[in-house]
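> So the chains spell out like this:
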Amino acid sequence: MNCQLLKDHKERVWQIAWHPNGQILASCSSDKTIKLWQLMNDQYKLIQTLDDCHTKSVRSVSFSKDGQFLASGGFDAVVGVWMFDGSKYKLIQQLEGHESEVKGVAWSVDSNYLASCGRDKTVWIWDHDDLEFSCNCVLQAHDEDVKCIKWKDTTLYSGSYDNSLIRYTYGEDDEWDHKQFQIEHQSTIWSIDIFNKLLLTTSADCTAKLFSIQDGTIKPIQTLQGFHKEPIYSGSFSYDGLYFALGSADNKISIYKKDAIDELGYPHFALDQIFDAFEFDVNCVAFNPKNYLLAACSDDQNIKVFDLQL
Amino acid sequence: MQNIIDDIYYIIYNIRDPEIPQTLGQLDVIQKEFINIEGQRITIYWKPTVKHCSFALQIALSIRVKLSQELLNYKSYKIHIIVKDNLHNQKSQIDKQVNDKERYLAAMENEYLMNFINQLIN
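Protein chains in written order, with the numbering used here: chain A, 1 to 310; chain B, 1 to 122.
These aren't lab readings, by the way, just hints derived from the structure by calculation. Since this is a predicted model, take the numbers as computed values, not measurements. Check each hint, because a few of them may be wrong.
The calculated lysine to aspartate or glutamate pairs, modelled on EDC-like cross-linking and capped at a C-alpha distance of 20 Å, are [said to hold, decoys possible]: (1) A/K121 / B/D100; (2) A/K229 / B/E109; (3) B/K75 / A/E230; (4) A/K10 / B/E109; (5) B/K75 / A/D300; (6) B/K91 / A/D162; (7) A/K56 / B/E109; (8) A/K229 / B/D100; (9) A/K56 / B/D100; (10) B/K75 / A/D31.
Some chain A residues well away from chain B (every beta-carbon gap over 12 Å; in silico) [unchecked claim]: (11) K88; (12) Y113; (13) V138; (14) I183; (15) I213; (16) E263; (17) H268; (18) V305.
Beta carbons: idealized from backbone N, C-alpha and C, even for Gly.
All chains should be modelled from the sequences, with the hints used to inform the complete structure.
What follows is the structure in structure tokens.
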């Protein structure tokens, strides 16, 4: 398998995220930095190191859908917002409010909202008036750390150390309403990804689950189990929804392919391949938004971009 | 296999108990027989001296921290630290917390907590 190694972080790489154009990859690390890598002549080159925001591990990073903004969340309780000025991403604001580690950041599809979540059991929704970001709302619906957040249009989903999933919608009463779902994960939900009406969760219980989120309900479709022997930290759909990838603490990445449609019309996925990806834990996997390149990062300080040739 | 078990045992043997002036090894809190290896997964069971031990989390964390600093030859192994049997009132919370990578790594960046842990392991 073709694979490019992106090496520059000095400690564990926690998360990677693609720019919506598919050409730039952002990575964040326990070395307190965020790095940007750009595809140039078929090679990923380090183009920027953002080291002027966080004083502890950077746990999460996310591009807005128009690529104008980059957000980061760190163990120092800070959310960083960067803006692209035509040549580089520059820090424009440090959002403070979380009491302890920030574990996830995510932009709504229209880039109007930034959400952050963390150890303090809360989800913060930030909005911005031009370039000035401020807190729109603090949502405390989970009983424990909020590990991950994911937007679907203007609906937000969060996964938690309390093993549950919560959906937040902006109601007609101008309030964020929420609904909690016990989705039968036996431990922490580490990641959420969404493709159209499919929602994928991964968990410390070594399973991943696929759901249909049609018509305001969350219907279980499939549980993927027996493939990984350690917590699954991350899951990612391919740009066309025909595949998804899982990355686990057992150092492996597995790829699943859309296989069949059941009698209710829901798609099922089957294992396509599973391989040793790194020497240590795989912390995050992210399919490119334009093609079948899969980026992944690990405790071994490395990032790899796999050409899966699916 | 026995080599790894011996190495782990000797690394954590000298961790001091936060309340009693003895080590985890001397107190039989940790024992060689409590260390299991299955493939790449190492499970270290440990026995709190009392069911309501209020320092249980710090003890489990000190085992985690000391191994992360000293068990360098076996870094690819996955370490799970579990309260033996049902020997603590809050077993499930303690086990979950000390095996949650994000939680224990964040704890290791917490200066105040690490000052305490370092007194137990050094």
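> Now tell me if each hint is right for this structure.
Evaluated hints:
Only pairs whose Cα atoms come within 20 Å are accepted, and A/K121 paired with B/D100 is accepted, the gap being roughly 16 Å. This hinted pair does not check out: A/K229 and B/E109 have alpha carbons roughly 28 Å apart, beyond 20 Å. Between the alpha carbons of B/K75 and A/E230 the distance comes to roughly 15 Å, so the proposed pair stays at or under 20 Å and holds. As the CA atoms of A/K10 and B/E109 are separated by approximately 16 Å, the hinted pair is consistent with the 20 Å bound.
Using a Cα cut-off of 20 Å, the hinted pair B/K75 and A/D300 holds, with the two alpha carbons roughly 10 Å apart. Our distance criterion of 20 Å between C-alpha atoms is met by B/K91 and A/D162, whose separation comes to about 16 Å. A hinted pair counts as satisfied when its Cα atoms are at most 20 Å apart, and A/K56 with B/E109 qualifies at roughly 7 Å. Proposed proximity of A/K229 and B/D100 is supported: the alpha carbons are some 15 Å apart, at most 20 Å.
Between A/K56 and B/D100 the CA atoms are separated by roughly 18 Å; this keeps the pair inside 20 Å, and the hint holds. Restraint check for B/K75 and A/D31: the C-alpha separation of about 19 Å stays at or below 20 Å, so the hint holds. No Cβ of chain B approaches the Cβ of A/K88 within 12 Å, the least distance being about 28 Å, so the stated non-interface status holds. Non-interface status of A/Y113 relative to chain B is upheld: no Cβ of that chain comes within 12 Å, the nearest being about 24 Å off.
Interface exclusion of A/V138 from chain B stands, the closest Cβ pair being 21 Å apart, more than 12 Å. Annotated as non-interface, A/I183 keeps its C-beta farther than 12 Å from every C-beta of chain B; the closest such distance is 18 Å. At roughly 26 Å from the closest C-beta of chain B, the C-beta of A/I213 stays outside 12 Å, upholding its exclusion from the interface. Against the 12 Å criterion, A/E263 stays outside the reach of chain B, whose nearest CB is about 38 Å from its own CB.
Listed as a non-interface residue, A/H268 keeps its Cβ farther than 12 Å from every Cβ of chain B; the least gap is roughly 29 Å. Every CB of chain B lies more than 12 Å from the CB of A/V305, the least distance being 23 Å, so the non-interface label holds.
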